[in-house]
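Following the hints, complete the assembly by docking chain E onto the known chain H.
Read off the chains here:
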Amino acid sequence: MKRHHLCIAFAAVISAGAARAETDSSLQSIEQYREALRDGNPAELFEAQGEEIWKTPAGPKNVSLEQCDLGLGAGVVKGAFAQLPRWFKDTDRVQDTESRLLTCKEKLQGVDIKAIIKAPFGSPEKDEMNALVTYISGASKDMPVKVSLAHPKEQAMFNLGRRMFYFEAGPHDFSCATCHGQSGARIRLQELPDLTIGKGAGVAWTSWPAYRVSSGQMWSMQWRLADCFRQQRFPEPNYTSDVTVALSMFMAAMANDAKLDTPGIKR
Amino acid sequence: MKTFFILPLLLAATPALAESGPKTDWGQGADDAAFAAMIKSSFHDKGIATLARLDQDSTQAFCSDPARATGASKEAVEAREKIEAENLATIKWPADNTWLGDWKKGEAVAQSGRGLTSSDKADGVRGGNCYNCHQISKQEIAYGTIGPSLWNYGKIKGDAPETLRYTWGKIYNSKAYNACSNMPRGGHMGILSEDQIRDLMALLLHPQSPVNQ
Numbered sequence: 001m002k003r004h005h006l007c008i009a010f011a012a013v014i015s016a017g018a019a020r021a022e023t024d025s026s027l028q029s030i031e032q033y034r035e036a037l038r039d040g041n042p043a044e045l046f047e048a049q050g051e052e053i054w055k056t057p058a059g060p061k062n063v064s065l066e067q068c069d070l071g072l073g074a075g076v077v078k079g080a081f082a083q084l085p086r087w088f089k090d091t092d093r094v095q096d097t098e099s100r101l102l103t104c105k106e107k108l109q110g111v112d113i114k115a116i117i118k119a120p121f122g123s124p125e126k127d128e129m130n131a132l133v134t135y136i137s138g139a140s141k142d143m144p145v146k147v148s149l150a151h152p153k154e155q156a157m158f159n160l161g162r163r164m165f166y167f168e169a170g171p172h173d174f175s176c177a178t179c180h181g182q183s184g185a186r187i188r189l190q191e192l193p194d195l196t197i198g199k200g201a202g203v204a205w206t207s208w209p210a211y212r213v214s215s216g217q218m219w220s221m222q223w224r225l226a227d228c229f230r231q232q233r234f235p236e237p238n239y240t241s242d243v244t245v246a247l248s249m250f251m252a253a254m255a256n257d258a259k260l261d262t263p264g265i266k267r
Numbered sequence: 001m002k003t004f005f006i007l008p009l010l011l012a013a014t015p016a017l018a019e020s021g022p023k024t025d026w027g028q029g030a031d032d033a034a035f036a037a038m039i040k041s042s043f044h045d046k047g048i049a050t051l052a053r054l055d056q057d058s059t060q061a062f063c064s065d066p067a068r069a070t071g072a073s074k075e076a077v078e079a080r081e082k083i084e085a086e087n088l089a090t091i092k093w094p095a096d097n098t099w100l101g102d103w104k105k106g107e108a109v110a111q112s113g114r115g116l117t118s119s120d121k122a123d124g125v126r127g128g129n130c131y132n133c134h135q136i137s138k139q140e141i142a143y144g145t146i147g148p149s150l151w152n153y154g155k156i157k158g159d160a161p162e163t164l165r166y167t168w169g170k171i172y173n174s175k176a177y178n179a180c181s182n183m184p185r186g187g188h189m190g191i192l193s194e195d196q197i198r199d200l201m202a203l204l205l206h207p208q209s210p211v212n213q
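Residue numbers (UniProt numbering), protein chains in the order written: chain H, 1 to 267; chain E, 1 to 213.
Chain H with its partners taken away, still in its complex shape (with noise of 0.2 Å):
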């Protein structure tokens, strides 16, 4: 009885008026900031640079990416992006925009992709991977996502990132759910968005990748991934691993129907 009270009391929210007041207007300001942000969104710049990628010949086959397969046959890269992640009948797997790139290198320019998957983030090897995302993002910008889960090993990859979601480790406990398990939640004045239903899965799947002005860097899902997993305190996930993968099915399939608005732009 004694603990049932403390608890209680424990998880009242005291009122704190003024204080949300102030908290308000800051959430408005950093609102109109992003909104300023979205006129010349730099991510143009790495679009640009990722087609030039896609197009010139590259690699010890001295060819470019304009054969890659992304989904919707070879060479297709308009409307690609909003139906991944998707099974590949050629690799038997069910592939982020970044595996398959990794897969369309190694098999048409001849690539040795285990450098590619070893250079951490802002490397060289990885800026030309977040640069071609950026550009295959682009070429489906205002589709809505349509990520299937008709095959079996869709269907198994989603089951798996929606496990992944909710498994928690760690000195701190922490699961993807902790902090994207519910609504209107914040991290400091940094809003969070829910994963566990469509409409916060869809905000959040739809912006990636995306510009971030604080550190001027272009990130793909793959990076913000990363980055939530050492928040987390987790191991840093493998590049294009399934644990990554399937999580971007989980989210993707959840923001089924929602207009892609990539590149985005983030603070």
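It is worth saying that the hints were derived from the structure and are not from the lab. Every residue, glycine too, gets a C-beta built ideally from N, C-alpha and C. Be aware that one or more of the hints could be misleading.
[Stated by the list, open to error] Computed cross-link-like contacts, DSS-like style, restricted to lysine-lysine with a CA-CA straight-line distance of at most 27 Å: (1) K114(H) - K40(E); (2) K89(H) - K61(H); (3) K40(E) - K89(H); (4) K121(E) - K118(H); (5) K126(H) - K46(E); (6) K46(E) - K114(H).
[Said to hold, decoys possible] Now the stretches of chain E that chain H is said to cover, found in silico as 3 or more residues with beta-carbon under 8 Å: (7) 41–47; (8) 134–148; (9) 197–206.
[Said to hold, decoys possible] Here are some chain E residues pointing at chain H (derived, C-beta under 8 Å): (10) W26; (11) Q56; (12) S58.
Below, chain E alone, put in the same frame as chain H:
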């Protein structure tokens, strides 16, 4: 066989889970081998964040199943009480019976979100991450809302022995009072030292702390 066992658990899940997304057999018990293989193949050691951190203790494993972590079934409720009892037993109370430290130092601990990430040093100062989720002093407007507001905590709750004990226990091991609380177990997991907990106690409970002004 397993499928039939999982279904009732899913039906007992919270509305948030039940209402959205494709209905699938995805949780614990649904292809454990594939899930374990995925975890094993998907990470590498980085700095102090080694693969050993992926090994769950019994509380973490339990709380990774949302149906039981939040479900209303008798089985789930009883399981949570057991987890809470296990965590309560881990709490180390202040050896010298000194409960309150320095609230100024406590404020610094509450402000800091540093420590224990793959980019932190092993001997780096560890913060409490408190403002990330709680409103605490009124002066700090950049506070999170995952946890309840703690502004005026001491003013409202007083300084009775059971208040000291509960507050210490909650910081030391939050799961002793709420099995699957989002709050880290500051003392139990070695995130915070005993002195840091004393300083946080002072921040929350000392009459002169800005929290209670």
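Right, here's what the structure says about each hint:
1. K114(H) - K40(E): 18 Å, holds
2. K89(H) - K61(H): Distance of about 23 Å is within 27 Å: holds.
3. K40(E) - K89(H): 25 Å, holds
4. K121(E) - K118(H): This hinted pair holds, its Cα atoms lying about 22 Å apart.
5. K126(H) - K46(E): Within the cut-off at roughly 18 Å; holds.
6. K46(E) - K114(H): 17 Å, holds
7. 41–47: holds (count 6)
8. 134–148: With 9 residues closer than 8 Å to chain H, the segment 134–148 of chain E meets the three-residue bar; holds.
9. 197–206: violated (count 0)
10. W26: Holds - the Cβ of W26(E) comes within 8 Å of chain H, reaching about 4 Å at its closest.
11. Q56: Where the cut-off is 8 Å and the nearest Cβ of chain H is about 5 Å from Q56(E), the hint holds.
12. S58: 12 Å, violated
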